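Protein sequence lines correspond, in order, to chains A and B. The opening position of the first sequence corresponds to residue 1 in our numbering, with each subsequent residue numbered one higher. The opening position of the second sequence corresponds to residue 1001 in our numbering, with each subsequent residue numbered one higher.
Just so you know, the hints here were simulated from the structure itself, not pulled from any lab data. Just so we're clear, the structure is a prediction, and the values are computed from it rather than from any experiment. C-beta: ideal position from N, C-alpha, C; glycine also. Treat each hint with caution, since some may be false.
[To be verified] Simulated DEER-style distance windows between Cβ atoms: (1) Leu63(A) to Thr1167(B): 36 to 46 Å; (2) Ile1291(B) to Ala21(A): 51 to 61 Å; (3) Asp1136(B) to Thr189(A): 32 to 42 Å.
[What the hints assert, rightly or not] Taking beta-carbon pairs under 10 Å as the criterion, some of the chain A residues facing chain B (in silico): (4) Val211; (5) Leu212; (6) Leu238; (7) Met437.
[To be verified] Residues of chain B clear of chain A, computed beta-carbon distances all greater than 12 Å: (8) Leu1012; (9) Val1049; (10) Ser1065; (11) Thr1081; (12) Trp1086; (13) Arg1101; (14) Thr1145; (15) Tyr1147; (16) Met1159; (17) Phe1169; (18) Lys1175; (19) Leu1194; (20) Tyr1225; (21) Glu1276; (22) Ala1281; (23) Leu1298.
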Amino acid sequence: MSGDAMTTRTGAGPAGSDLAAALKDGVRGALVMLGLCIPIILLRTDQSQANELILRPRVGLVLIFCALIFILRFTLSYYGVKWRTSRRLKAQGEALPTVTDARPTWKARLSAMALPAFLGLAVTYPLLTVLVNGGLDPSRYWIDLGILILTYVMLGWGLNIVVGLAGLLDLGYVAFYAVGAYSYALLATKFGLSFWICLPLAGILAAFWGVLLGFPVLRLRGDYLAIVTLAFGEIIRLVLINWVDVTGGAAGIYSIPRASFFGIPFTAGEDGFAARFGLEFSGMHRIVFFYYLILVLALITNFVTMRLKRLPVGRAWEALREDEIACRSLGINTVSTKLTAFAIGAMFGGFAGSFFAVRQGFISPESFNFLESAIILAIVVLGGMGSQIGVAIAAVVLVGMPELLRNLGFMRGFFGAGFDPNEFRLLLFGLGMVAMMVWRPRGLISHRDPSVVLKERKAISGSLVKEGHG
Amino acid sequence: MDVFVQQLINGLTLGSIYGLIAIGYTMVFGIIGMVNFAHGDVFMLSAFVALIVFLVCTAWLGIGSIALALFIVMIVAMLVTALWGWTIERVAYRPLRGSFRLAPLISAIGMSIFLSNFVQVAQGARNKPIPPMVQDVIVLWTGPTGYTVALSYKQIIIMAVTAVLLTIFWYVVQKTSLGRAQRACEQDRKMAALLGIDVDRTISLTFVIGAALAAVAGTMYLLYYGVVSFADGFVPGVKAFTAAVLGGIGSLPGAVLGGLIIGLIETMWSAYFSIEYKDVAAFSILAIVLIFMPSGILGRPEVEKV
Chain A
1 MSGDAMTTRT GAGPAGSDLA AALKDGVRGA LVMLGLCIPI ILLRTDQSQA
51 NELILRPRVG LVLIFCALIF ILRFTLSYYG VKWRTSRRLK AQGEALPTVT
101 DARPTWKARL SAMALPAFLG LAVTYPLLTV LVNGGLDPSR YWIDLGILIL
151 TYVMLGWGLN IVVGLAGLLD LGYVAFYAVG AYSYALLATK FGLSFWICLP
201 LAGILAAFWG VLLGFPVLRL RGDYLAIVTL AFGEIIRLVL INWVDVTGGA
251 AGIYSIPRAS FFGIPFTAGE DGFAARFGLE FSGMHRIVFF YYLILVLALI
301 TNFVTMRLKR LPVGRAWEAL REDEIACRSL GINTVSTKLT AFAIGAMFGG
351 FAGSFFAVRQ GFISPESFNF LESAIILAIV VLGGMGSQIG VAIAAVVLVG
401 MPELLRNLGF MRGFFGAGFD PNEFRLLLFG LGMVAMMVWR PRGLISHRDP
451 SVVLKERKAI SGSLVKEGHG
Chain B
1001 MDVFVQQLIN GLTLGSIYGL IAIGYTMVFG IIGMVNFAHG DVFMLSAFVA
1051 LIVFLVCTAW LGIGSIALAL FIVMIVAMLV TALWGWTIER VAYRPLRGSF
1101 RLAPLISAIG MSIFLSNFVQ VAQGARNKPI PPMVQDVIVL WTGPTGYTVA
1151 LSYKQIIIMA VTAVLLTIFW YVVQKTSLGR AQRACEQDRK MAALLGIDVD
1201 RTISLTFVIG AALAAVAGTM YLLYYGVVSF ADGFVPGVKA FTAAVLGGIG
1251 SLPGAVLGGL IIGLIETMWS AYFSIEYKDV AAFSILAIVL IFMPSGILGR
1301 PEVEKV
């Protein structure tokens, strides 16, 4: 397993480049692996006919893992030492010049082109999938995947306001997503309001909750803030589960009304979308519409964030992230600065939640567990906190990649019939988070464009940017 | 009154388990200032190890004596889990030392997701029950309404084991050179390194001790509830963290005290209010303590340096 391979790769300390030392290293790695495997992989517990647990030994599997680790450690310490030291030296050399000229190099030109290219790809994506798959219906899976990724892009951008700009570490962002989703679901099912009325309402309600939950945590910083927001997120989920009269409890809310195309429903009838526009009816129209809806919502999030960054409140957010005490002594009202960050971040979470409810048509508290918060935060951090394009790339990587695992069914021929790649999705996701942090703790896009420029533009290395103290 | 005494006993048992896990949180936070998010899942993993070793003992080796089996289970679980704790620190936290502050937290969250899904893949998603054991109870008295207040042997074992281990552990931290090194690193890591303390080794040992105590908690959890599943790490983990915060993070007696308080609150809440909202109660306490009493009961107040 690649995960445990990693376990030992960074495990032992520096080793000599000669064979004996490398062998020793490999054996040590394999022994550690053996120790880790011993009961938990070696013996699998299964329910017998009599409903008792029986043990099934898997010696082969453990041997394979240990052999893999041995080979990996051995090669790494035999060939890898030189590479490691040179890389460390390089990293040390790079640590010094942190402010560089931002004259348009080929790299900068490429990244200037990346943005329109990314946008163009996002806009034409449904068309591309239709062309590749030859028709609307076969491309359903791909468009759904696009919707999923864009939802996370939007959530990432929303959380980026709180975490990336204001430096407030929020581990309970999913609470606002849930508030948005339940707002729409309840308003639509109980009062019959349409999606287009509910969408702003959901945003306002989520923002209200953002202020409500933001108010008590104003004094907290760093890890404590993270844990309290996590607690709030869990409390909201537990209340959603247990307040059965209103929320339907763990069963959730069914048959949430679907959105219409600005008043025109997506039905096969006379008034339907297809008939009005002279198209042949297809259920896919709605899916494509959802795709563009979430694309627009995400772009609005991005646009608003970029504009806010240039407004006094955005400047105050970034100042708050850099140094709260300096901020206060300069007369910035930290209370309102923090609360606006929570409120605006929560509002976009609420929009995304309400979109989620209308797309799924069914919501339950299970969709809003801590894992979602962790995924969204991982997207923001991996993207390089504060970088908009970085967040988008990170969302594609973190949400798209695990999804691709679903398609690895062909590996069954290799690993045997019981192999289900889907099982490994979250396992690899967790490992990926660790690996990403070890590899690039500052995220994919770690340099920043300065918000205020005096005379000439300079690029700022991520190591100069504070992550905020909460 | 009868109900109250019974809940007091139950609460103290549960609190012992939380206290054992909380020590892992509090030590790690004290020494490197990070919330070891994966600690709850290390606890869950240790419960699985205990389950498997118990099955090996009873089904394969045919050990008839429950006491001997439990002893072997606990020792093996402690060893294996300590190795896991050591490896996790090596892989996920050590490379990030000196990196920016959020990185270890994200890495820990990733590790937590990895561990719970690893156990799910390796052992299956179902609840794993063990045959009930040590069923005997001591009936303390029977109330006028016929409500019996009982202290089970299980509860005695759990509280006794916790007390013994905490004493040993207390001795290690207070009297041995390892404990001194640990306390020195807690106060000033750089200075400790200058004085010749191997800081990396001390931090590794902290993780090892924390994981070993979590393994004791895992064994006790398995003994008490008789069932474990891969998702059982998160909520006890958060509650134990709450205990650590409530007692004053960084303070070892505080962690145990906090664990007992959280255990009592949880059982009392379930008995007198509603069992559905018992986790809400725990999470609310966490939020309230952090907001109004961030240094906890026994913790030192944090001095802000400008």
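| query | For which of the previously enumerated hints does the structure constitute a violation, in increasing order of number? | reply | 3, 4, 5, 9, 11, 12, 13, 21, 22
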